[in-house]
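Chain order of the listed sequences is A and B.
Counted the way our numbering counts, the first sequence spans residues 29 to 338.
Counted the way our numbering counts, the second sequence spans residues 8 to 288.
If you are wondering where the hints come from, they were derived from the structure by calculation, not from laboratory data.
By construction, the Cβ of each residue, glycine as well, lies at the ideal position given by its N, Cα and C atoms.
One should not assume that every hint holds.
As the list claims (entries may be wrong) - List time: in silico SDA-like cross-link candidates among lysine to any residue, alpha-carbon distance up to 20 Å:
(1) B/114 with A/65
(2) A/99 with A/302
(3) A/105 with A/284
(4) B/18 with A/139
(5) B/56 with A/182
(6) B/275 with A/225
(7) B/73 with B/242
(8) B/56 with A/180
(9) B/18 with B/29
(10) A/302 with A/312
(11) A/326 with B/123
(12) A/302 with A/89
(13) A/302 with A/101
(14) B/275 with A/141
(15) A/333 with A/260
(16) B/177 with B/198
(17) A/333 with A/246
(18) B/18 with A/244
(19) B/114 with A/329
(20) A/295 with A/95
(21) B/18 with A/240
(22) B/275 with A/143
(23) B/56 with B/38
(24) A/195 with A/282
(25) A/302 with B/139
(26) B/275 with A/139
Said to hold, decoys possible - Covered, in the sense of this in silico footprint (three residues per stretch, anywhere, with C-beta under 8 Å from a C-beta of chain A), are these stretches of chain B:
(27) 22 to 29
(28) 44 to 55
(29) 96 to 110
(30) 113 to 125
(31) 135 to 147
(32) 218 to 226
(33) 231 to 242
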Amino acid sequence: MADVTSTAAPAAAKASRKGLSEGWFAWALIAPALVFIGVIVAWPLVETVRLSFTDADLGGENWVGLANYEKMLSGAKFFEIVGRTFFWMVLSVGLKLIVGLIGATLLNAAVPGRALFRMMIMPPWVIPIAIGCIGWLWLYNGQFGFLSGMSQRLGLLDGPFEFLAYKNSAFYSAIVTDVWVGTPMVSLFFLAAMQGVNRDLYEAAWVDGAGRWYRFRRITIPQIMPVIVSMALLSAIWTFNSFEIIYILTQGGPRGGTTTMIIDTYKTAIGNYKFGEGAARAVAIVVILGVFSLLYLKVLDRVNKHYGVK
Amino acid sequence: MLMDRYTLLQKIGIYAAIALFLTFILLPFAEMFRTSLSPMSHLFSQPYKIWGDNFSFQAYSDMWVKVPLLGRYIWNSIYIATMVTVITMVFVIPAAYAYARLDFPFKAMSLGIFLSVNMFTGAVLLIPLYRVMRTLNLLNTYWAMIVPGVAFLIPTGIWLLRGYLEKIPKELEEAAYVDGASRLYTLRRVVLPLATPGLIVVGTSIYIGAYAQQYLFAVTFNQVAELQPLPAGLNQFIGYQTVEWNQMMAAALTGVLPVMVVFLFLQKYLVAGLTAGAVKE
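Next comes chain B alone, as it looks inside the complex (with noise of 0.2 Å):
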């Protein structure tokens, strides 16, 4: 369109912006990527080489023998952002189609009750949370990082879900009511089928919420190293001597990777579906 056209020096004001703005983006990956290249010898080297002849891929498959349990790291972090999101939407979906389509007593205060475990976060309660797990019996097991990681991230959830279910048109799950369908067939039938792209959506943000930040429920409340996942793994590399900097990273790269991939090819889902839903108002 006419309005959209730049002149030459705009565009090149505008290229050399998102490229100064991309370059503080992707400098660390960059800089991680080119430390899993070096040689040691090259990493402590003085005076200081961004780049050097005997770059190799060794480190890509020295830090398997150096960490066996490297690849369990990975699917381990896979598997517990996974259960985290399954389990957050079975309690956010009920909940959003509540705050979003009925009336009921206390529903403002309830909600404020769920958006303010917003200003919680695991470190806060980290020792009463501790013993909870230990009543239920959970530490050291893979539940022990999936049940704080479900009910920090519940109220987000029903936030960003709500919005979605509002714009869907009441008339369809009248029509079913009418028909005499109960209001669960209809939730299920009706509302959560024409609701799929913003589950997607509220999915991946919580997937991403969930894979983020493993840290610290990982290394207070579990301490089998089979069930770590790849952030508390990484400590591995830190030896008493000195710290394999490059394998080290080329775990952490290769770790993220599969996960990295998918969600750059759901950006352009998740910018779309942020604009229809809870953006909005």
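So here's chain A without its partners, still in its complex pose (with noise of 0.2 Å):
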């Protein structure tokens, strides 16, 4: 540095270093992870699409080309469990961002003991989903469960009511337990959020006499709107997805009023051993997901320019 006479020699060094290996640095530091990641989802992946073309079970494969798919869309089960699976993630993800943003708007409420009840909704989140659905097996049950026992104590039910043992019934309450597993992290996130919100703003619509509705309305939702919408779009992926909780409470069941796509996949290849049909309702829930994200990023990408984000 202290060298005058070559000032322009390190400026000179520095841009032919960065020119030359900027780009190769920055793949070298992403290879790991993509090469990792191309072994363990993208390979699987492609097996996935070739094994939809074959008859593959656990004696061997032979290719049958689009049978398939053929048999998949033949019959009426299959749409009928798509729209079941729209419908359960447009419930449950209207009902997690929903809660959420009540539950994140209380939790923000400047009143003593906030600090303890922002404590007191983690549970869900950070338990394993497996265990929370043990407890929810236990508070459906008809017999001896809380939920049951209670209602009859209250007046509200006559006798034991199995939750899980009707159609309905069994699916709004896996939308409920659902929906209890998701609602701690859109909480938080919303949360963090709200709390990002320059205060400024509130205390300029404060001083313009805006009661605290109108600053909810036209102050708090604008400004986190983005992180509702992209936090809509993971959360509807996931949900569509959700397998531990539909599995564990009914296993899809009763006669099939629970079964949403990934179990009907997953039914199909573990259950039956129907590796080819299974990987054809893989695809299928890809396609179907894909689909739906491009659209979704289309009309996140609309909202952020509405509200001004770059």
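Both chains come to you apart, so use the hints to assemble them.
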């Protein structure tokens, strides 16, 4: 640095160093992650596509062309399952966002005890999903469970009610559990976003006489909208693929009442050893989610522009 | 501040709503705890009784006898989640840095590929994944549960950490770089120390993900009882005749307690960190 005679040299060296190696350096940093995902996710995905054109089972596999897809698409059952999956996703994500937004707002309120309340919403998120499901399984038990027992004591029910034994009640019970698992994380992300909103905005509005509800509607919501929208997409994908909750509570039953696409895929491939037919269903999930995500990202782009986020 | 002051009625409303919200969140835990204290005869008594005078902590000592490997399962869960977190971070840190700081060909496209991994879950790819694990000779080892866990957490990790790294002032790096430091040295000695709060938040999120989703890979890729994580190990309380519900609940609560306590206290940093990081844009 003290060498005055060659001031141009370091700059030139820097430029060439940068120009030559930035791209390579970047790829060297990314390569390990990319290779790892390539082996553990991308390759199995390619294999899944290949298997979907075969009749693979425990015995072996033969090329069968589009037969698996034809079989899958020819029955009414498949479309019923797709419809149910979307209903499951929309209802559960909607509830997670609404409950999460209300929860975040409550936890953001400046009342004593706030720090404690924020801690108390963590548990469903940080424990293994399977363990939370065991808790709900017991709550839903008709003979000995809390919900059925309490409802009888309070006179809401005449006798024991098995929540997971009927198509509709099993479906909505699984939704409640899914919302329970997903809400804490949504709440904390919304809470974090709310705390990131510039307080000057609220104060300016307050000085102008704006009420709480007005400030919430006109400042909080627009300010955290980008987070809401991206959380909605992530949550939608996870909920669409929600496996453990349904599988532990109902295994997709009763009589298929809680069978979503992911459960159907698992049962076909693992339960009935029809690897080829299962793979076709897996491909269907990927295609549907891919199209859904692309459409959604288009919307997200527009929302971000609308709210002036770069 | 004056703006934040509530009337008494508003306060009551807020507390009532919080109570309702927390009831929903904590109900399963309360019920699990109540069940863990109940003798089996109480659980199966009719009509339904909430509280009995014969409640005790008996199940908390019986469970270790009924399932001798319980301590091992609890440890396995923590071990697997820790390994997944450490390995994921090793992959995530360099990649996140590249996306935050460097310009290179196919940047947007490769990031898109990473993020699209979010669309798959283990359950969709189970059969080929099983074959990959078999080819790599990883079935029935800890790695069978660690490796897929890492793969599915890398994308979220990159996405979260990139947000933090973008917020670190570029000038510090450029200064080190002009002084002749290599890129790798700059990353290690300048960027990472500054990113510590972000690393903690991202690491915590990954740990939660790794701890929460241990069931499917464990029951599919591992048959060795000694290696099972807690969620899979709890199945042992399900007998041929009866399910030892009280002991199962006692074991579940005891098993998650260490991790839960840590996270309850990390919550504050997590929320603060999420504010500073990826959530902004």
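We went through each hint and held it up to the structure:
With a CA separation close to 17 Å, the supplied pair residue 114 of chain B and residue 65 of chain A stays within the 20 Å bound. With a C-alpha separation of about 13 Å, the suggested pairing of residue 99 of chain A with residue 302 of chain A holds against the 20 Å cut-off. Simply put, residue 105 of chain A and residue 284 of chain A have alpha-carbon atoms about 10 Å apart, close enough for the 20 Å limit, and the pair holds. Our distance criterion of 20 Å between C-alpha atoms is met by residue 18 of chain B and residue 139 of chain A, whose separation comes to about 8 Å.
Taking the CA atoms of residue 56 of chain B and residue 182 of chain A, the gap is near 12 Å; set against the 20 Å cutoff, the hint holds. For a cut-off of 20 Å, the pair hint linking residue 275 of chain B to residue 225 of chain A stands: about 17 Å separates their Cα positions. Distance restraint check for residue 73 of chain B and residue 242 of chain B: the Cα-Cα separation of roughly 12 Å lies within the 20 Å cut-off, and the hinted pair is therefore satisfied. For the hint pairing residue 56 of chain B with residue 180 of chain A, the CA-to-CA distance comes to about 11 Å; that is within 20 Å, so the pair holds.
Note on residue 18 of chain B and residue 29 of chain B: the hinted pairing holds, with a Cα-Cα distance of about 16 Å set against a maximum of 20 Å. For the suggested pair residue 302 of chain A and residue 312 of chain A, the alpha carbons sit about 16 Å apart, so the restraint of at most 20 Å is met. Of the supplied pair hints, the one linking residue 326 of chain A and residue 123 of chain B holds, its CA atoms being roughly 15 Å apart against a limit of 20 Å. For the proposed pair residue 302 of chain A and residue 89 of chain A, the alpha carbon gap of about 10 Å is at most 20 Å, so the pair holds.
Of the pairs offered as hints, the one joining residue 302 of chain A and residue 101 of chain A holds, with about 16 Å between alpha carbons and a cut-off of 20 Å not exceeded. Restraint check for residue 275 of chain B and residue 141 of chain A: the C-alpha separation of about 14 Å stays at or below 20 Å, so the hint holds. Distance check on the hinted pair: residue 333 of chain A and residue 260 of chain A sit about 17 Å apart at the alpha-carbon level, within 20 Å; holds. A hinted pair counts as satisfied when its Cα atoms are at most 20 Å apart, and residue 177 of chain B with residue 198 of chain B qualifies at roughly 9 Å.
At most 20 Å may separate the alpha-carbon atoms for a hinted pair to count; residue 333 of chain A and residue 246 of chain A meet this at roughly 17 Å. Of the pairs offered as hints, the one joining residue 18 of chain B and residue 244 of chain A holds, with about 17 Å between alpha carbons and a cut-off of 20 Å not exceeded. A hinted pair counts as satisfied when its Cα atoms are at most 20 Å apart, and residue 114 of chain B with residue 329 of chain A qualifies at roughly 19 Å. At roughly 19 Å between alpha-carbon atoms, residue 295 of chain A and residue 95 of chain A fall within 20 Å of each other, so this suggested pair holds.
A hinted pair counts as satisfied when its Cα atoms are at most 20 Å apart, and residue 18 of chain B with residue 240 of chain A qualifies at roughly 13 Å. Taking the CA atoms of residue 275 of chain B and residue 143 of chain A, the gap is near 8 Å; set against the 20 Å cutoff, the hint holds. The suggested pairing of residue 56 of chain B with residue 38 of chain B holds, with an alpha-carbon distance near 12 Å, which does not exceed 20 Å. Of the supplied pair hints, the one linking residue 195 of chain A and residue 282 of chain A holds, its CA atoms being roughly 6 Å apart against a limit of 20 Å.
Using a Cα cut-off of 20 Å, the hinted pair residue 302 of chain A and residue 139 of chain B holds, with the two alpha carbons roughly 18 Å apart. This hinted pair checks out: residue 275 of chain B and residue 139 of chain A have alpha carbons roughly 16 Å apart, not beyond 20 Å. For a cut-off of 8 Å, the count of residues in the stretch 22 to 29 of chain B with a CB near a CB of chain A stands at 5, and the three-residue condition holds. Coverage of the stretch 44 to 55 of chain B by chain A holds in this model, with 5 residues showing a Cβ closer than 8 Å to a Cβ of that chain against a need of three.
Coverage of the stretch 96 to 110 of chain B by chain A holds in this model, with 10 residues showing a Cβ closer than 8 Å to a Cβ of that chain against a need of three. Coverage of the stretch 113 to 125 of chain B by chain A holds. Counting CB-CB distances below 8 Å, 7 residues qualify, and the rule asks for three or more. Using a Cβ-Cβ cut-off of 8 Å, 4 residues of the stretch 135 to 147 of chain B lie near chain A, which meets the minimum of three, so the contact claim holds. Restraint check on the stretch 218 to 226 of chain B versus chain A: 6 residues with Cβ-Cβ distances below 8 Å, three needed, restraint holds.
With a cut-off of 8 Å between beta carbons, the stretch 231 to 242 of chain B has 5 residues touching chain A; three or more are needed, and the interface restraint holds.
The structure is consistent with each of the numbered hints, conforming to all of them.
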